[in-house]
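Residue numbers (the working numbering), protein chains in the order written: chain W, 1 to 308; chain Z, 1 to 308.
Simulated from the structure, these hints should not be mistaken for laboratory data. Watch out, some of these pointers could steer you wrong.
Going by beta-carbon spacing under 8 Å, a handful of chain Z positions derived as facing chain W [said to hold, decoys possible]: (1) 131; (2) 191; (3) 209; (4) 210; (5) 211; (6) 213; (7) 260; (8) 262.
Derived lysine-lysine pairs resembling DSS-like cross-links, with alpha carbons at most 25 Å apart [as the list claims (entries may be wrong)]: (9) W:93 / W:30; (10) Z:211 / Z:306; (11) Z:204 / Z:30; (12) Z:166 / Z:30; (13) Z:249 / W:204; (14) Z:139 / Z:204; (15) W:166 / Z:211; (16) W:211 / Z:166; (17) W:30 / W:139; (18) W:93 / W:211; (19) W:30 / W:249; (20) Z:30 / W:249.
Backbone N, C-alpha and C define an ideal beta-carbon position, used for all residues, glycine too.
Number of protein chains: 2
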Amino acid sequence: MSVSHSVSTPRVAAVIGLGSMGFGMALSLKRAGLEVLGADVSPEAVARFVSEGGRGFTNLPAEIGEAEIVVSVVVNAAQTETVLFGPEGIATKMRPGAVFISSATMDPAIARRLSARLEANGIHYLDAPISGGAARAAKGELTIMASGTHAAFAAARPALDAMAAKVYELGDAAGLGAAFKMINQLLAGVHIAAACEAITFAAKQGLDLEKVYEVITASAGNSWMFENRIPHVLAGDYTPLSAVDIFVKDLGIIQDMARSERYPVPLSAAALQVYLAASGAGMGRDDDSSLARLYAQLSGAQLPEKAE
Amino acid sequence: MSVSHSVSTPRVAAVIGLGSMGFGMALSLKRAGLEVLGADVSPEAVARFVSEGGRGFTNLPAEIGEAEIVVSVVVNAAQTETVLFGPEGIATKMRPGAVFISSATMDPAIARRLSARLEANGIHYLDAPISGGAARAAKGELTIMASGTHAAFAAARPALDAMAAKVYELGDAAGLGAAFKMINQLLAGVHIAAACEAITFAAKQGLDLEKVYEVITASAGNSWMFENRIPHVLAGDYTPLSAVDIFVKDLGIIQDMARSERYPVPLSAAALQVYLAASGAGMGRDDDSSLARLYAQLSGAQLPEKAE
């Protein structure tokens, strides 16, 4: 162990992507005693992180080489690839033996490809999609669906412990974490669409929607998403906690995977069309429960409006 | 109060339809101290009921006039209409002031029509779809989604108390109970199809299905139906607890309602196609989790087989 890593010197981690999830994860790492570098293209996001005592960058700096652990919290596979192998890519800047923890939801085949390419550079890759919202990210209570080599897990452990309440270890190869996450996203995406189809159908029939919520959440028709998202509809509040376009992306990945594997997904396909319609109608950046507003627009159903 | 209803003489109820649900409901009524007449077209079902000490009939007998409460536990609206107004129909045999508790899942518009016709005969109608399986029916722990006049509720109360752990009182007119039940069935039907689409997609990718079940039931992709039905798939056991054809029927009602109300239901419509395919492929009377077997047949995915 070098002098710079004696017990009195904190270990260094980096977080790339300081959005609502990445920001909270970076704070969780700091709270666990790591020194944290944070990078984001948004100067506002970086300033917010610096004000919390972090070292901030609006590019992918050479300083990333100080980090033993790099956590990537970008939006998708394309951004992950750019972070690693783009013109400013960090694959050549990371120190040998460091680990890249990849959190973006993506096609498992792409996770396998990125992993193979990075491991060839002597750097570990942990396929580690996350679930849980911004609030749980800030508290270090995420759920992480992880897969990778034993060495990747070992190198990532201090960060996993700091960021997550629950880490599923899903196998010794990249791609398994991504595959589990996609199964979850298939279900989550269909359930939100079904919840919105159902609650607006209830509105169309003039049912008492608060009563519908009470009955369904206690019945066999319940889902985690119905219980979590329908309160937004009842409050008429579509402030984005998770946006429609997230599921345009994730159900799109499902379609691509299913087409490539010759596997029919009629439910997910129907759900994607509803998300696309909501996004096309201008609600792409609104809360995903906005699908209820789309059903209302299409049918003349009356949904609750937000109290002023 | 007439002599025949002194405290020492039990009140009389009748149950029409002694299938897995009706049989349990009849036993719950007996346990609560009511004298119970039971009718079913199946001699075996009637014999089973008689062996439990009930008075059984394979037709709709004139003795139904003894009952203050008639519970109808038939399959659908058409059978309910036959029970009431068919050639042997009981609408003209029931005693004035008695209540007809209608449990079949049906289009709310039909429930309103049947109710109006029966109430014109001086007989109360309680729109009272049930949920919960045969085990809860036998224990008197069903959930009932009920609507009807105050008089109908009052007359039905001893039976409701005997049969249900939870009675939702959803309004003072028939049709509301049916509408709430249909919202539940829309969600339940879509969630089973989504669960089967997801678990078989996981199998197609070679994931550890027990692990998928563990992760999903603890994640945002969970639903009551995923948690309840996927164990059948993991065990390879498609013994019918609830059959594919139940959802062919119920999602069919959703389609009819939605078409008549000009309300689009793309998720329910896609789900119905999957149930139809499973039924058409010969699995109509198997457990509704058989949709997973359909997905496997269509894609070459390997699902667990039943241990011998």
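Outcome of the hint check:
no.: 1; hint: 131; result: holds, 6 Å
no.: 2; hint: 191; result: holds, 6 Å
no.: 3; hint: 209; result: violated, 10 Å
no.: 4; hint: 210; result: violated, 12 Å
no.: 5; hint: 211; result: holds, 7 Å
no.: 6; hint: 213; result: violated, 10 Å
no.: 7; hint: 260; result: violated, 11 Å
no.: 8; hint: 262; result: holds, 6 Å
no.: 9; hint: W:93 / W:30; result: holds, 22 Å
no.: 10; hint: Z:211 / Z:306; result: holds, 18 Å
no.: 11; hint: Z:204 / Z:30; result: violated, 50 Å
no.: 12; hint: Z:166 / Z:30; result: holds, 19 Å
no.: 13; hint: Z:249 / W:204; result: holds, 22 Å
no.: 14; hint: Z:139 / Z:204; result: violated, 40 Å
no.: 15; hint: W:166 / Z:211; result: holds, 14 Å
no.: 16; hint: W:211 / Z:166; result: holds, 14 Å
no.: 17; hint: W:30 / W:139; result: holds, 12 Å
no.: 18; hint: W:93 / W:211; result: violated, 57 Å
no.: 19; hint: W:30 / W:249; result: violated, 31 Å
no.: 20; hint: Z:30 / W:249; result: violated, 56 Å
In summary, the structure is inconsistent with hints 3, 4, 6, 7, 11, 14, 18, 19 and 20 from the numbered list given earlier, while agreeing with the others.
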